[in-house]
Structures are given as C-alpha cells and as structure tokens.
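First to last, the sequence lines map onto chains A and B.
Start counting the first sequence at 4; every next residue gets the next number (the numbering used here).
Start counting the second sequence at 21; every next residue gets the next number (the numbering used here).
The set of hints was computed from the structure by calculation and includes no laboratory data.
Misleading hints may appear alongside valid ones.
The calculated DSBU-like cross-link candidates involving lysine-lysine, where the alpha carbons are at most 30 Å apart (straight line), are [said to hold, decoys possible]:
| id | chain 1 | residue 1 | chain 2 | residue 2 |
| --- | --- | --- | --- | --- |
| 1 | B | Lys-470 | B | Lys-362 |
| 2 | B | Lys-298 | A | Lys-275 |
| 3 | A | Lys-307 | B | Lys-295 |
| 4 | B | Lys-58 | B | Lys-211 |
| 5 | B | Lys-184 | B | Lys-508 |
| 6 | B | Lys-142 | B | Lys-386 |
| 7 | B | Lys-58 | B | Lys-362 |
| 8 | B | Lys-295 | B | Lys-235 |
| 9 | A | Lys-275 | B | Lys-362 |
Incomplete in silico selection of chain A near chain B, CB under 8 Å [said to hold, decoys possible]:
| id | residue |
| --- | --- |
| 10 | Met-4 |
| 11 | Ser-6 |
| 12 | Ala-9 |
| 13 | Leu-149 |
| 14 | Tyr-319 |
Note that the coordinates shown come from a computational prediction; the quantities given were computed from them, not determined experimentally.
By construction, the Cβ of each residue, glycine as well, lies at the ideal position given by its N, Cα and C atoms.
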Amino acid sequence: MLSRVANSLYWMSRYIERAENIARLVDVNLQMLLDFRNLDDATLNAHWIPVVQSSGDEELFRKLYPRTTGQSVTDFMVFNPSNTNSICSSIGQARENARMVRDQITAELWEEINRIYLFVNSPRAKKEWRESPFDFFSTIKSSSLLLQGLTDATIVRSEGWFFIQCGRFLERADKTSRILDVRSASLPEQGSQTVINQTDVLGWSAVLRSCSAWDAYKALNGAEVQPALVAEFLLLTDDFPRSVRFAVRHLNTVLRRISGIREGRFGNEAEKLAGRLLAELQFSSVDDILAVGLHNYIDLLQGKLNAIGEALFQAYIFQPFQTPDDNELRQQEEQQQQLSIIRTVGLR
Amino acid sequence: MTTPQPLDPFKNYETGAFYDEMVDSSGAIRPHYQQFLKHFTGLSPEEFAAKRTAVDLSFLRQGVTFNVYGDSQGTERIFPFDLIPRIIPAQEWEHLEAGLIQRITALNLFLHDIYHNQNIIKDGTIPAHYVMSAKHFRREFMNVKVPRDIYIHICGTDIIRDDKGEYLVLEDNARCPSGVSYVLENRRALKRTFPEVFEAGGVRPVSNYSEELLKVLEYTAPLGVAEPTVVLLTPGPYNSAYFEHTYLARQMGIEIVEGRDLLVRDQHVFMRTTKGLKPVHVIYRRIDDDFLDPTVFRRDSALGVPGLINAYRAGNVSLANSIGTGLADDKVMYYFVPRIIKYYLDQDPILPNVQTYLASEEADKKYMVENLDKLVVKAANEAGGYGMLMGPHATQAERNEFRKRIEADPRNYIGQPMISLSRHPTYCGEAEGFAGRHVDLRPFILYGEKAAIIPGGLTRVALRKGSLVVNSSQGGGSKETWVLYGNK
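Looking at chain A on its own, in the form it has when it is part of the complex (with noise of 0.2 Å):
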C-alpha cells in the first residue's frame, strides 16, 4: 500500500474520532451547568476551562474570545475554523483525507463523511446547535458511530484496515485521558479522608459520561463515584471499549497485524513503545498511578502516545532511503547532469 494512502486513512480515522470525542466532552459539560446554581463568572471559568485545557488550546482560546461561558466555548470548540482541534476543523480534515482516498473507501463511507461535513458548515447546523444543543450533539455522535459502523461493516481486512484502526485506537486513548485529566485537579490526595463535595461528585460523573463510561463504571463500581475509581476504570481496565488499556491492546496488535511481527517480539520503535506501555497499563494499579500524581501520569501517558504516533510515521510513511556510502559519488554525478540539463533549458 503506498504511504501517502496509509497516511490519509490515519488522519482520516484519527479525526472522525476526534469529532466524535469532542462531542461528547462539550455536551455533558454544557448539560452539568443545568445542575448548577450561582453561576458567575469564576464557576464558570472553573467549570470550562479545564475542558478548554484538554485539547491543549487555551491560549488561543483566550485571545479569541473575552469571556469564558457555555456559549464561548461551545464556539471554539465546536465552530471556529482556526481552533484546529474544533469540530468542524476535524470533520473537515477528515474529508479532506478520505477525498485523497476516494477510490480506496467504500462509497458508502465516503458518502456519510460527505454528508456530515455539508451539515456542520450549513447555517441549520448553528440553528440547531442554539435551538437544542442536545439535537445537535448527538447528530455529530450519530454520524460518528455510523462512520465507525460504515467502517467496520465495509471496509476489507486489510493493510488500510489496520492504518485506520491504529488512527483510531491512538486518538481514543489519547482523548479518554485528555478527558479524565480535566477533573485531575479535584482529585483528594492520597490517603487524605477528605470527603468529595457535590460539585466534584458531578465533576466526575461527568469525567464518565463524555467517555460514555458512566452505565459500565456503575456496573462495576457501583453508583457511587469515587474518583480514584474513575481514574482506575478509564485508565487500566481490559474490557471497556474506551479506556486506555483497551485502546493500546488493540493499537499494539494492528500494529503487529501490519508487520506480521508476533506478539512478545517487536520490529520497529512503534511496536516496542507500543507493547512497553501496555505492559505498564496491565502491570499497574491505581495506587501506582496516584503515587505519581495523576496529571503528572497522564502527562507521561500522552508524551507515550505521541511518540508511538512519531514512531508509526516514521516506520510506514516518512521512509528515508537507505544509502550506502559509495553511493554518494554517484549521486553527484547524477547531480552533475542534472546541471547539464537545466543549463540547456536555459538556453531556449
């Protein structure tokens, strides 16, 4: 498969996810504020720009807009074309990236992502979004999952299959913990008996509903919210589609699905990182992570999931060719007609 096409359908992937993530995060937060009494100005600043903070934009944030409200940052994050994070920015670069690719995706993908980014930049979209921010949302979560099923329903198990899957697992792994670490300023510390107020207990349960955890986590935990069990099932749990754990399980067997490299082994720096942070996730508890601080330990996950990122482009996209150094003379040369045939160029 050429590069440039496993690119695109990485990218392709990567932003459908973003999307679709974004979504959630701003729809359960503007929901919370319904919860809220006296809101002024610095519970709301409180309140938003953690979630602002999560997609690392806020200084942009704050030279665009005066005031941080619901409204404010509904806008940047949803509409405004120069937040490259926004959600019409990636549901835009998505197609762009599907549309280089157009004739290896299945026109019904192609389709749905078409229709999706015509919605977002109509004026019905911003109508929609003012009249019910509910309808809106979950017309972008819709179309998101229905991209995802497209996908898993149409495209063939092959080598692009797996360049969309690590597009996918990457960007979901980094966006649950991007998510969680908006509440990581709230967590007691350790040992501490301080008991969690209200606000912080609606904090947390929102945490779980952006990463559409919330009905698995009670299962599991029961429906009290303790934050350290959040943490605990978003980062490290097995089986819950969008924890970290999961995400890089599946992220460290596409990888190996592309080289053919069996599990245990690795045969490029994506693999290696790629199996090394799984095996921290499955050999780590809660407490581990608390030890180091659980921003500080998202802040190092993150740093991981760029790297293996960096290292996946550097393996199938960015290949520098291999040149031996007695090649190096004859490159020259080649150089050297090259000259000779500008120069009789100029000459016209």
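Keeping the supplied structure of chain A fixed, place chain B upon it in accordance with the hints.
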C-alpha cells in the same frame, strides 16, 4: 383511461441544411438506426423521462463527474448525457479505423525522425523553423532512445463530419487525451437503460479497453523486466479528470500515484509504500511534460518527480506517452500531417484534414485577416476550446482583437473555414423535444505491439442551440457511440 402514447420523436424533426446522422435528406431514417428506433419508439414519454432521470442520478451518485476550474467551491458536475446513441455502421468504421491507424503510425515515425536524424526537414518536406518554434518540441530529447521507438501510445483524435457526411480529422491529441472513462461509463449506463437493444445484438463491445491499455503499457516496459510494475501518475484529486484517473487505475488493477509518492535513486524510480520502496517500471502519466520533473522542465512544479527524466533517459522506466509528443498535436504541424503520411508511408491520407491556413505564410495570413468573418481561428497550442475565434459568430471587436494577435504572433495561429458539423437528434427539454445538435467524435487509439482502436469513442454534442463547441468545459454533453457488426 387512455393508453400511453408511444414516443414519436421525429414528427416535427428538421434536418436543416446539415448532414444529419440519423435522417437522410429525403427525411428517411438511415438503415443503421432502424433497429434501435424500433425499440426506442416503443417507449412512452413517461418511460423515457424515467430512464433519463435514472441515468443522471446514477452518474451523480457514483461521482462520474468533472471538476470546474476556477471555482473555489470545488464544484463537481456531471457531464450531461444524451440517451440517444450515435450509431456508426461497420463500413464507415472500417474506413475510420484504417485512417486513424495510418495517421498514428505516420506520427510515431515522424516523432522518431524529428528526435533523431530529422530527414523530413533535411529533405525540405517541412521547414525547420516550424518544428523548432513549436511550443511542445523538446530539444532536450534529441537522440534519446525511447522504448520500442513508440512516442504516442495513446491518442485521442477528434473527428468531424462536414455537410456532405465526409469524415475529417479536426485535431490530434497526442499528449494526455482524456474522456475514455465516459466512453466506458456511458456504455454501462446505456446497457442498463436499453438492455433489450443489446440483447438483440449488433453493437460491438468496448469494455476491453482497460485490458488493451494495460497490454500496451506492459509492452513498453524497460527491456529485461519480466513482470513490470505499472502505475498511473495523476496530478491529484483536484484535477478535472481525477475521476477518470481513479477509474482507469481501478480497471487495470494498478496503483494510482501522485508525484510525491515517487522518488528517484540511482536513476531508478520507486514508490513509497508501507513495506518500503518498491520499483516502478512503467508510468502512465496524466501530467503534462512541463510538470513531470522540476529539475528539467518547470522548476516550480510541485506535481512532478525530481530525477524522473534522468531515469527515463537511462532506460530504467518507461513513460506513456513519451516526452515531446505535443509537437504532433501542434495545430501548425497538423497542416503538415498529409505530407507526413506521404513522406513516411508513401500513401495518400485516408482521412483528410480540414482545409487550413497558416498565418505565418504571407499569402495565408493576408487571406485570414481579410476573411476573419468566415473563418475559425485557433491558437496553435491550446486545447479545450480556449484561445479560439468563431469568426462568423464573433463581434467586430473580437475579430479586431484576433487580427492584432495574428499580426503580433503569426506562428501561433491557424485559420480554418467554418465547417457545418453534422447533427444528431438529441433530447433538448420538454419545449423543444428532439432536435438536431452538432456532434463530433473522439475515438481512442492505442499503439503498442500493434495499433488497436476500441470500436466506439466519445461522441460530444453541443447542447446549446446552434453552438459548434462541444467541449465539456464549455457547455457540451456526450452520447454513447455504437459501432455495429454490420451495416444495419
């Protein structure tokens, strides 16, 4: 209850002063259309409308579209398609086929001669300055051996018929002719629309084009490569013919690549794949010479592959078409094609040219500037209907403008008498019903081990009333082209 009225498409049909493809001057239907009309006139107007809508929708859904240049929205449009096929009887096709093969054979010999000994110039058959001043003459390619001595592998020659029904060659497209995907897609659409006609037999198939093309490409592979890797080089998704590129690549089962997917090392071409670099042996390029290699041609080209031309000269990769074939479709060279055929093959041309005046010949130029109102004036190197004056339909100001341009740069202009192109019944909307519209024909000629032409081609139709311009970029549409096994 009334029974649905069958279509009576030609009740008020007028052929006018033109040669009509379907109806002869006495108003009778020509024999090779009678079989089709037997089926067609059995349709009710409602059935006909339903078939039209179904075809348009299927083109849109599948993305059988072309991009409109200069439109920032990236608008994609379907190429309007008329359901009534243009039918060519076997006898006429044999004549066309013989003429086209004669022409491509002579043009390939001509290009080989020009890029080597230049005997045709030395013998005084063509003045040297016409060749040297041609925009697409590539002096960098003098004395370069090209695989199998084939320069033009794929040629799309535009054919028209005059008011007597004689087939004439209007121009040769010897660089990157496009449109063949419409030939194949139109056929599929019409087969779904009128299956019964195809069942009755008599129409020659076109679907083997992709196989034939792949054979030609593999035939030109560098010597010693047993299983050549063939790729199609496209300028990218924003090119107007991108649909065609993906279509042909998929049909041939080859990779579609952009310039940035390829790189050259040690004068060999490779493509970047997820499994490392893979050698490439034959490139069916749909990029113009100018953009192929920034180290040789346009240095600002971001579409090309640095070093590609060196690899080509070294014989490690083959290009189809070769470099410098644009010389053969220069409109001034066109004037000399009958002489070229005579010179290399010692034959008279089977398909005549349209009478042509060269502005760089003093007598011709005088005639041209004095008779601009009777002539079509064309720029020598432009395609797609750009840079053209339709004298009889132009305003005085437009004619004056062209008079100035001809005086300033006579080498770049030719003149031809206005030909009354043949017409073909075409559905023109509810108000007008079926009316005559001007058509041309672009068959696609493949030149490999031997010359082959798929029986058919792209019939383009000028949908605007009275218009003679059939290009897709200028309000043209297309028709299916049927070549029959027999003469009716």
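Each hint, compared with the structure:
1. Pair hint Lys-470/B plus Lys-362/B holds up; C-alpha atoms about 21 Å apart against a cutoff of 30 Å.
2. Restraint check for Lys-298/B and Lys-275/A: satisfied, since their Cα atoms lie roughly 25 Å apart, inside the 30 Å limit.
3. Note on Lys-307/A and Lys-295/B: the hinted pairing holds, with a Cα-Cα distance of about 24 Å set against a maximum of 30 Å.
4. At most 30 Å may separate the alpha-carbon atoms for a hinted pair to count; Lys-58/B and Lys-211/B meet this at roughly 16 Å.
5. The suggested pairing of Lys-184/B with Lys-508/B holds, with an alpha-carbon distance near 20 Å, which does not exceed 30 Å.
6. Taken as a hint, the Lys-142/B and Lys-386/B pair is honoured in the structure, with Cα atoms around 29 Å apart against an allowance of 30 Å.
7. Restraint check: the Cα-Cα separation between Lys-58/B and Lys-362/B comes to about 45 Å, which exceeds 30 Å; the hinted pair is violated.
8. Annotation: proposed proximity of Lys-295/B to Lys-235/B holds, straight-line Cα distance about 27 Å (limit 30 Å).
9. A hinted pair counts as satisfied when its Cα atoms are at most 30 Å apart, and Lys-275/A with Lys-362/B does not qualify at roughly 70 Å.
10. At its closest, the beta carbon of Met-4/A sits 5 Å from a beta carbon of chain B; the interface hint therefore holds under the 8 Å criterion.
11. The beta carbon of Ser-6/A is positioned within 8 Å of a beta carbon in chain B (closest approach about 4 Å), and the interface hint is therefore held.
12. A cut of 8 Å between beta carbons decides the hint on Ala-9/A: the least distance to chain B is about 5 Å, and the hint holds.
13. Checking Leu-149/A against chain B by beta carbon gives a least distance of about 18 Å; that is not within 8 Å, so the hint is violated.
14. With a cut of 8 Å, the hint placing Tyr-319/A at the interface with chain B holds, because the nearest CB-to-CB distance is about 4 Å.
The structure is inconsistent with the numbered hints 7, 9 and 13, although it conforms to all the rest.
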